[in-house]
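All chains should be built: construct the whole structure from the sequences, respecting the hints.
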Amino acid sequence: MSQPRHLLILAFLLPVLALAAQDAFLLKTGFSSFQDRKKEGVNAFNHLEWEHCFTPRLQLELSSDLSSSDRYLAPADQKFWHNGKLGARYSVSNFDLAASYRNTIYGSSKLLGLYPVWNNLQSQRKEMQHESSLAVQYSLPALSLQAQGRHKHLRFTPYELDLNTFELVEQDPAGVDDVYYGVGGRFDFLEYFSASVAVDHKDGLFAKEGQYRLTDISASLAAQYPVSGQSHLEASLQITNRDGAAISDEKRNLLQTRIRLQQQFSNDLRGWLLYVNNSCLAADARNIYLVSNYLRAQLQYTSPYDASAGSFACLGAKYSPENKANAWFGEVEHKLVRGLYAGAGFNLQPERLNQYSGKLSYHFPGVNEVYLQYGFRDYQTGNRQTRYLSLGSNLYW
Amino acid sequence: MKRSSAVLIIVLVVVLVVAIACKRVSITEYHIDSSSCNGCGECLRVCPNDAILYNHLGKAEIDQSKCTQCGECVAVCPNHAIY
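Here the protein sequences come in this chain order: A and B. This note's numbering numbers the first residue of the first sequence as 1 and each following residue consecutively. This note's numbering numbers the first residue of the second sequence as 398 and each following residue consecutively.
It is possible that part of the hints are untrue.
Claimed, not checked - Calculated cross-link-like contacts (lysine-lysine; reagent style DSBU-like; alpha-carbon spacing at most 30 Å): (1) B:Lys456 with A:Lys28; (2) A:Lys39 with A:Lys324; (3) A:Lys39 with A:Lys79; (4) B:Lys420 with A:Lys202.
Bear in mind the hints are in silico, worked out from the structure with no lab data behind them.
Right under this line is the structure:
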């Protein structure tokens, strides 16, 4: 890895470490050894997060997420990955301003196909991505207006196919830019209702023909209703007109309906139910097509017999058959003696992967922990299984 | 006010029933449940088309103009927020 990359990582890590003693600070670190049919390897990860309030009006946030991996995650997995974020938020009476910069570094990245429309280049190796974001919001008692803009620049090394040798030949580094910006407003009325409108535009500046240009104009109606002291109901209906080459006529107008019910069953048990339906009204406004359904239920129980709230159980299910995204998942952690906890988890995605894990952890003051975890992944595609053993810690200041 | 909420819920249910009964689109389209997304970035790592980015709230968002519906992000999301 080149020296500038090391410097960038250090630029994100050092301020976090230097200022850690002063404020809220989170450090998650660990490594795991894995084994599957084809190979063995090691993964390591390190996540740092720091937040500081200079004044009640100004807040600064720094985070650094570093991971190095031999594991197979997906065809596009990068073996070295660092994402750093520097963000600031300024609030004064009814005005909010948020700005952030993110930097992502890819190391030992695989050759990936380049976007469908990109000259005669065949593939790319990702190097680095810069993302900057600016958002402002002005709020009155019943009306809020907001505007946001983002810019993304991806640096990569392109490869072109040499037709004489049929080999990929490395080219000079290049970059692609995408810009996203939009404005919106929300009006609250009749205590529980709100109506919103927004216009968002996106352009891929690298494609002159506008293949990656997209304009969304949306309007929505939402209600938030406290059914009782223990349950809360939210519902919304949104229609978005999407104009862009990537959006087919049948998907021109997206109708998104969302209902969420949250219930506190007792002091220790709570749950929520969410249903989202995505449908499309075709450009000719004659046909409605179904895109996807998403039904999700989740329950969470915290044991009243553990004063540190470290003993818990959660169980959830997700049903989204159209996109083969069904899942069953659960996790339980129980205090054995003093700070020693045992836990287990499962994540079943019948069309994608099944995962099981067992965990032994030691908690010390607060919610800090060191843990040893064993897991098994069974991928439903490619007849592949992976076992891993992890050692890690989660520390909070 | 309770009556207004009831009316709204009935309208939504009717829309849902109509939407469920209609024809399927020919192309898959993935979305992110922003209330379940914790911004961990796992989906960004595995996206081969650079189609996922963070919005100004720190949540992942799919750029539908670049997404090729490969579905790699669905399996890796630790919060099952992609559908």
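Going down the list of hints, with the structure as the test:
1. B:Lys456 with A:Lys28: holds (20 Å)
2. A:Lys39 with A:Lys324: Answer holds: lysine 39 (chain A) to lysine 324 (chain A) is near 29 Å, not above 30 Å.
3. A:Lys39 with A:Lys79: holds (15 Å)
4. B:Lys420 with A:Lys202: Holds, at about 29 Å.
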